Structures are given as C-alpha cells and as structure tokens.
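Q: In order, the protein sequences belong to chains A and B.
With our numbering applied, the first sequence closes on residue 171, and no number is skipped along the way.
With our numbering applied, the second sequence closes on residue 861, and no number is skipped along the way.
Note that these hints are calculated values from the structure, not bench results.
Just so you know, these numbers come straight off a predicted model, no measurement behind them.
All clues stand as given, with none of them false.
One side of the interface only, derived from the structure: several residues of chain B facing chain A at Cβ under 10 Å: (1) T533; (2) Q567; (3) G571; (4) T609; (5) L632; (6) V644; (7) V729; (8) S758; (9) S829.
Result set (SDA-like, lysine to any residue): computed pairs, CA atoms no more than 25 Å apart in a straight line: (10) K764/B with P102/A; (11) K108/A with V141/A; (12) K764/B with L161/A.
To give an idea of the chain B side of the interface with chain A (calculated C-beta under 10 Å), a few residues: (13) D532; (14) V569; (15) I570; (16) A639; (17) N732; (18) N759.
Just so you know, even glycine gets a beta-carbon here, dropped at the ideal spot from N, CA and C.
Chain by chain, the residues run as shown.
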Amino acid sequence: MKAIQKVNLIQKPATGRIMRMLQLGMLWMATGMSSIAHASLGGDASSIETDRMVMRAEHAAKQTPSPTGNYTVYEIALPSGTLVRQYASSAGVVFAVTWKGPFIPNLKQILGDHYQTLLALQAQQTLVGHRSFSHHAGDLVIESSGHPRSFVGRAYLPAALPAGITPQDIQ
Amino acid sequence: MDWTNCSPGWIVSIKTLCTLFLVALVGCGGGGGGSTPSLTYTVGATVTGLNGSTSVVLQNNGGSDLTFNANGTANFSATMPSGFTYDVTVLTQPTGETCTVTNGKGTVTNANVVASITCSQSTYTIGGAVSGLSGSQVTLLDNGGNNTPISANGSFVFSTPIANGSAYSVTVGSQPSGQTCWVTYGSGTVSSANITNVAVVCSSAASTYSVSAIVTGLLSNTSVVLQDNSADNLTFTANGTANFSTTLSNGSTYHVTVLTQPTGETCTVTNGSGTISGANVTVSVACASTAANNPAGTASVTPTTVPTLPTPGNVIPLVVDAGPVAGRPGINVGFVSVTVCTPGTSGTTAACQTIDHVVLDTGSYGLRLLNSQLSSSLNLPAATNVSNHAVGECLQFVIGTTWGSVRLADVYVGGEVARSIPIHDIGDHPAGYSGIPTDCTGQIQDTQTALGANGILGVGLFVKDCDACLTQVIPATYYNCTASGCTGSTVTASQVVKNPVAEFQNPVTGVVQDNNGEKIILPAVGSGGSTGITGSVTFGIGTQTNNALSGTVYPTDVYGNFITDYQGTNNLSAGTFMSSSFLDSGSNGFFFKDNTIATCADGWYCPSPSPLTLYATNSGYTGSPRVQTSFSLVYADTLFNLGNIVAGNVGAPISIGSFDWGLPFFYGRTVFVAISGKSTSGGVGPYWAY
Chain A
1 MKAIQKVNLI QKPATGRIMR MLQLGMLWMA TGMSSIAHAS LGGDASSIET DRMVMRAEHA
61 AKQTPSPTGN YTVYEIALPS GTLVRQYASS AGVVFAVTWK GPFIPNLKQI LGDHYQTLLA
121 LQAQQTLVGH RSFSHHAGDL VIESSGHPRS FVGRAYLPAA LPAGITPQDI Q
Chain B
172 MDWTNCSPGW IVSIKTLCTL FLVALVGCGG GGGGSTPSLT YTVGATVTGL NGSTSVVLQN
232 NGGSDLTFNA NGTANFSATM PSGFTYDVTV LTQPTGETCT VTNGKGTVTN ANVVASITCS
292 QSTYTIGGAV SGLSGSQVTL LDNGGNNTPI SANGSFVFST PIANGSAYSV TVGSQPSGQT
352 CWVTYGSGTV SSANITNVAV VCSSAASTYS VSAIVTGLLS NTSVVLQDNS ADNLTFTANG
412 TANFSTTLSN GSTYHVTVLT QPTGETCTVT NGSGTISGAN VTVSVACAST AANNPAGTAS
472 VTPTTVPTLP TPGNVIPLVV DAGPVAGRPG INVGFVSVTV CTPGTSGTTA ACQTIDHVVL
532 DTGSYGLRLL NSQLSSSLNL PAATNVSNHA VGECLQFVIG TTWGSVRLAD VYVGGEVARS
592 IPIHDIGDHP AGYSGIPTDC TGQIQDTQTA LGANGILGVG LFVKDCDACL TQVIPATYYN
652 CTASGCTGST VTASQVVKNP VAEFQNPVTG VVQDNNGEKI ILPAVGSGGS TGITGSVTFG
712 IGTQTNNALS GTVYPTDVYG NFITDYQGTN NLSAGTFMSS SFLDSGSNGF FFKDNTIATC
772 ADGWYCPSPS PLTLYATNSG YTGSPRVQTS FSLVYADTLF NLGNIVAGNV GAPISIGSFD
832 WGLPFFYGRT VFVAISGKST SGGVGPYWAY
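The following block holds chain A by itself, in its conformation from the complex:
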C-alpha cells in the first residue's frame, strides 16, 4: 500500500458533522488502535486495515485504483461471504462504502460515526417496513436493502466525492 497523506479530510470546513468527524479521526490517530469503533466512512484509509481485522476478513484488501488515479477501491471478503468495498480518495479519505452478500456486515464498524445517524433515521420511519432504507441528503447518502441471504447497500459522503466519480460508480 503506497504511503497516504495523513488525515485531512475536507478542504472546506463544511458542516458541524464533518468537523466532528475530523476530531474523531484525530483522536483515533492519537490513541492508535483502541477498542472504540473506528470510523471508516469519512475516516483515514489506514482504518480499512483495522476494519478488515475486526471483521476477520482473511485476506488483505484487494486494491483497485481508478483509471484517473483519483481514488482507490479496497475490497475485503468477509468469512460470511459478504463483500465490502471502501472507496478512498488519493487524499486518504474514505468517502464511500458498499456491501453485498448473504449477511449484513458490521455496519457499526464500517459506518463509524454515521452508524448512529442510520439508527436514528430508521427510528424516524413512520411506516412499517423492514426491507429497505434510503436516505439522501447533501452530506450523507445511505441505501440499504435486501432480505436474509441477500443484502446490498452503500453509503457515501456526496461532498467528499473526488473528481471523476459519480454516485453511479459506487456499487
């Protein structure tokens, strides 16, 4: 894995949510590997290896650089059969995660801080429904659907997409 610049996440100081992610990311770097959930989405690309270990994926992440070189896709295969892909920009920011497979992956691990957001949003759903969830906002997009034996989903930070990638490319 080539050297990646240290965390800085976003050029513009954007919203409070992103500032909070910055603080969390710095805290993580300062304390090294601690047992708290590591923010992957929005975190540093080096957290991908932590995610892999926590989720017990055997092999190192398969890395596929984009044609433009703006970002790299890290793919890890969980023992349960689910594939998790994490998209990291060349600046070292994980701006998108996707998953597909027979079991929901540890979303707390790969969504990090955004996991609580997901739970809160789901609790606000006013209609009974267990099979799909979709949230689109300027700072966060989460889509999750499927049934036991087949789940698919993705989450990305629209403001953090590097040039040359569209939401369509995030699968």
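Since the structure of chain A is provided, determine the placement of chain B on it from the hints.
A: Using the frame of chain A, we list chain B on its own:
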C-alpha cells in the same frame, strides 16, 4: 496242531519234545502241509498327550497289561501270528486325563501292528489370588463346595479340578472377622485351561458406599427433587452437593433421575447410573432455564387446547390491515395467525396459544414471535446445544434487529402442524442472560410497537434461516448462552430456526404433507389504495386438489434471487439488469432505482401523473425464462395522507442492482413459493412462479 503234518524224525525226548513242540508250534503253519517255518508279529501302541506325572495301562485282548509312564511306543509282550485278532483297550485312564484308542482292533496280516493312544487333559484346576487379608481367615467355596480356608494373602488353588466345559463359581464361604472379602472374575466355564485369575479382595473399610449429587445452575426460589433407585428422594433448594440417605453395598446398582423439575428450568443428570465398585459415587446434575421468560408488564394469557382445525386444512386467510398497534400507521403488510403449543402435547392435554397479526414473509425463513405476546404457561423448552447451553439468535433485517432465544414448539398453521421445531422467541433472555451481544447491532425490535406486529412467519424459499451457521461461526447470528453471557457459536440442524412449511405434517397421522411450498393469492388493488383486503395462503404445491401449480416458473439462485430487467422487454431490448431481485411479501412496496421518477420528501416515489405504468422483464437466475410484466406506481403521499389506506401500489428507491417486488406485486396475482430441495411438478425448488 496237526501232528501228522510234522516231519517224522523230529520225535525225541519230552524236553526236546517240549522244545520241539514250541518250535513246531512256531514253525507249523495252520492247515495244509507247509514245509516253511511260520512267523509272529508284534502288537504295540504309541501313546501321546500323556502329561509327565501320570500313566496309562493298556491291554490287548483283555490281558498282557502294558503300562506307559511317558509318551512313546512299546509292544505288548505277546506276539501274534498272522490271522490272529488283536484288540487294544485302555485298562486304567491316567489321573485327570482321558486316553482314546484308534486303530486298536483288527486282524494281524503279515505285519506288525501299532495302535494310536491319544491322551488329553479332562479336568482343570480353579485358582487365583487373595489380597488385603489381615489377621483372620476367609473360606472360599467352588460351586458351593470344596471348602478351602485361606489364612494368608497370595495364590490359591481348589483341590477339586473341574471337568473341561463345566462351570465354576467361586464364592466366599465365611468372612474374616472385621473384614469383608468379595470375589471378582469368580465364575465362568472351564475351557481347556486352568483358571488362575479368580481375585478375592478383602478390606477393613465400610462395605457400603454413598451416592451423592452435585447440582449447578439452579435458580433461586425454586427446587429440584432427585431420586435414586426409584425410592430414595433428595431435594435441592440451592446449588451444592448432598448425599442420598440410602447407602449401597458393593456390587449394587444406582440410578439417579430427576423426579420433579424446578419451575422454569430443566435439570439433566450426567453419569447417573452404574454399579458400586468399592468407592463412593458422585453424580452431576446441571440445570438450565427453559420456560419463556416474560418481561414485566405482559398480560397473562391462559393457554387453551389445540383449536379445531379448519377444513381444508391447508388454507388460511391472509389479511392486509393496519396491524395490531393502534396509531402506528402501516401499509402493505399481510398478516396471518399461528398457534403454538408445548411440544409433545396434543388434543385436550395440549397447552396452546393462538397469535394473530404475524407477518407473512416470503423473504425470510422461520417463525419469530414476540416473547411479550406469549403466555408463560406455554413452557416452550429452550433449545440446548451440544454443551447443554441455551441457544440465542440475532437476526438482522435491513431495518430492525430481533434478538432472543431459540425454543421448541409445535406450530399449527391452519390444519398443518410442524412438530417440535426451533422458533425464535424475540425478546426472551436465553439462559436468563439479560444483555444483548455487542455484535448484534441495529435497532432492537422486541416490542409490538417497534416490530409493528406480533411476529414474523418466514415462509420463503429455504428450509433453514442460516445454512452457513452450521459449519461456521458467523457474527451476529447464533450464540451459546449461559446466565453470564452469550458467545458467537455454530448451531446444529436441530437448533437452527426453520421454515415451518418445510416441516409440515398431518396433525393426526404424522405423515409429512404440503411441505414443498405455498401459494399466495391477494385481490387486486386500484390506484386509490384500499382500507383492507383479504386473500389466502394455501400450503403445498400440487399436493392437494386446491394447490396445483400454474403460471411460469422462475428458478432462483442460492440466495433467493432472480433477474429483473427493468424496462427491458421480453423480445429484444434490454433495460437495466438487476440481478439481485426477488419477490418479497415482507417488503411493503416496489423498491427499485429509477432516478427519473420523482420522490416526495419522505423518500417514497411520487410520480406525476399518477398512476405511472411501468414494465420489467423478469427471468430465472440463469436468464430464462424471460417474461415481461407490468406494474403500477402511484403518488405515495396521496394515499398516506388519507390516513386509513393499508394497501396501495407505492414504491421507493433503493440501491441499483436490485428490484424488490414487495407485497403490491402480489395484488391481483397468484404467486407460488417453492422451497429449496423440495420436489414439485414444476421442478425442484427454489423458484417463484406466477
């Protein structure tokens, strides 16, 4: 003897005569005149098998006693001429042996004769060793006799040998004072060898021994009663060790069982039976929680017996209504009722409870019921794993996570029953552990308000809710639970939660029936939605006159998915291929990605104009058959704002690559769900057909 045959000139003196007579006797042949002298032959015997210290006496023609003191060959002293008969017999058998004669009888025919005498042992000695004797004397008996007093430790031999093939039985005649002796290896049948292994062990220790029990896992405020040998009762009100009051002598058997189980628990005895062999015995009794553990605030329901089963037994109503939670709006959720009973009970002795508003879900597998809705009097036993611990299960849906214990129940759906199958008891604490494992993440839905239903009946394409869990520890699935915590584990086929349809049998005969899938029918719903509709679920495909297969069969892959070519036609033009597509009565809309359709603020599609007619071509997961279908999508918020609509053709976007055909797809259709591995007239499942 015919003197006339003798040559003259031989007659001389008497002495000479006698000599000559003898010579003449030997020399003369019988009958006829012969001038050649006649010969005599020896008769002898070869003795084998004689053991060194005995001897055998043989006779020939009742005389000429010949004694053998050792194996070998010897001749009788009297020789015999040709033509004489010989008969070799045993006069005196050797002590402890039997000799038999072969080739011992016949006529001398110009040759010496040797008979064969084969001797073998006919009796064997009985003996062994005494140990532990101190000071006094013990007498031993063999077959009740041959009284043998023994005063010192060491080997012994009874003086009376026992015939080969006969039984021997060594017992203690009189005990030494202050000690008890007992015999092991003391009886059997003599089989061509001396017996040397009779063991007589004497001991000054007590001759009776105690049986004790160690009880673990007993909850407070309850007790367990154990019983030894069907008579000796022992009550435990707390964990610990205690002795049964009756002591047992050496060689007697013990058999410890549970006479009365504690309330809400099942205790199991390990190593509970055996024979006392010179030492005290301790038996282990492990207790674990079994009864449904209802949280506070549950309305108690008195169980009933098995309700009258409907006719036909394989059809039940499917109702789409607002659900059991007042004020909690729901749309497109189909409900059925199920009856659960304590397993192994039937008829008037059964303890059963009917649960309504259970979601009919073709997208999951297994029955899941809220513990808060179950009567504690059902006493559904907890499934226990190979470690005899309770089994916990975490099942994560996209929205909502169910955590609870796995219990066994007889599940009646209509007139079908699945006997003693594992179900998911949502909100129940496995083994009494009140926490939730940290990797069982998601919004926990263990109340009626959170779940929006009393349970979920998963009747999808597969038998088990997790196949990989049998061989692999997968996070957030199954757990091994004790009162102090749950750890992720595998699960066996007898504990994994199962699709009840796959286990259906006739309640009366027990014959497997209607277990290969089901047929779902719902009436069509117009663009204005409906305030309530009723359809039906018919169990079995092609198994009765009311469930023949119709429509097109679409096989799915091992994940339950087939292919939706969204806006593709079945002739040529392809649309957007979504290869993780599925039919799902547990989804409450059409879920698919189409960025060209407008959405409302709540995220649901709000096309304008409404309704919007759309089409797609579905195919089996291999790409065939390809059949185009159309569906209608309405402006969702119009229906929602009416407040009383429970069914409508609404939809919302999800990730690309997947089309989730939820309950609205079933409106106005007949849909078949064929279970993986089960045979039907349309082939072996898994497949959808419509």
